[in-house]
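Novice: First to last, the sequence lines map onto chains A and B. Per this note's numbering, the first sequence starts with residue 508, numbered consecutively. Per this note's numbering, the second sequence starts with residue 703, numbered consecutively.
It should be emphasised that the hints constitute simulated quantities derived from the structure, not laboratory data. For glycine and all other residues, C-beta sits at the position ideal for the given N, C-alpha and C. Hints should not be assumed to be uniformly reliable.
[Stated by the list, open to error] Under the rule of at most 25 Å between Cα atoms (straight-line distance), these lysine to aspartate or glutamate pairs were calculated in the DMTMM-like manner: (1) 800(B) - 587(A); (2) 582(A) - 739(B); (3) 880(B) - 587(A); (4) 726(B) - 527(A); (5) 880(B) - 770(B); (6) 880(B) - 583(A); (7) 524(A) - 717(B); (8) 799(B) - 587(A); (9) 582(A) - 724(B).
[To be verified] Using C-beta positions, here's what the derived DEER-type ranges look like: (10) 605(A) - 713(B): 48 to 54 Å; (11) 795(B) - 606(A): 45 to 51 Å; (12) 531(A) - 810(B): 23 to 29 Å; (13) 835(B) - 518(A): 57 to 63 Å; (14) 731(B) - 612(A): 35 to 41 Å; (15) 731(B) - 582(A): 33 to 39 Å; (16) 557(A) - 768(B): 22 to 28 Å; (17) 830(B) - 606(A): 26 to 32 Å; (18) 818(B) - 584(A): 37 to 43 Å.
Here is how the chains run, residue by residue.
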Amino acid sequence: MTENTNTNKINSFQREKNRDEMRQQIITFALMIFFTMIAFFAVMMGISSTFVIPLLLVLAVVQVGFQFYYFMHMKDKGHEIPAALIYGGIFVTALVIVTFVAIIWW
Amino acid sequence: MSQDHSLNPETMPQDPAKATMEGKHKHLGLWIFLGGETVLFACLFGTYLALRNSTAGGPSSQDLFGLELVFLMTILLLTSSLTSVYAIYHMKNNDFKKMQLWFGITALLGISFLALEIYEFAHYIIDYGFTFRSSAFGSAFYALVGFHGGHVAFGLGWLIALMVRNAKRGLSLYNAPKYNTFGLYWHFIDVVWVFIFTVVYLMGMVS
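Next up, chain A with everything else stripped away, as it sits in the complex (with noise of 0.2 Å):
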């Protein structure tokens, strides 16, 4: 009886850390939606290229952020490896858009 018990409060904490997980992740999405609207705004309202697309491409970097920690999971623990091969495919992303870019520079 008492091990019975003790399992049932297992399950309850369990849902309530899911349910918290689950709060996170609707902010996270609320954010990201806020995030898009910011960045179709920015361009509909035709303000400057030089001030926009740095302004674009942060809003996109920290949506995909939110994607990779929170929809991913990849703040949890245990994620050093899918970390770094992520981080390696951004670092490769890094180098050929530079030489892709630089290819047509000149």
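With chain A held as given, fit chain B onto it using these hints.
Specialist: Okay, now just chain B, sitting in the frame of chain A:
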């Protein structure tokens, strides 16, 4: 049954997707795959950025793109990312029916996204005569955006196969990692789309 992996509140582990060695390996394997996917899309983005002004007298990005359609597509894919988070949330609470329901909504949102993308491409081809062969910009554009659309189509096939195959099985330690792996893949598709709508569409309309 000799090996019954089905879950009840007593045997429910904290994270059913990573409770078994097989589940842990599937999780790591998918991240290795995603690292490779990042490099693949890096090449497509690099090509696009290099060729986006090579229109060869054909339509340019400012002539073609419209904000409304892209905005709708973005919201659809972003929402489908949230619904798959909901599905995984129900998986952790051992509620198989709700998990199937939310993954079903994810599939519907993905299908709507794909339908809009097909409409978009048809619109460019029929109304502007802008095809893969129109210019270097056309090739780079269709290669990048089409490859992402192909990933969405593949993901939909994957999800529907999972949902149909496991419909009568219920949640178990055998299929929980499979659903979780799909969830991660779907988020990654959304990550790529965030950069597509920023770099291709929004920056294409500004400059």
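Novice: Output the numbers, in ascending order, of every earlier hint that fails for this structure.
Specialist: 1, 5, 8, 15
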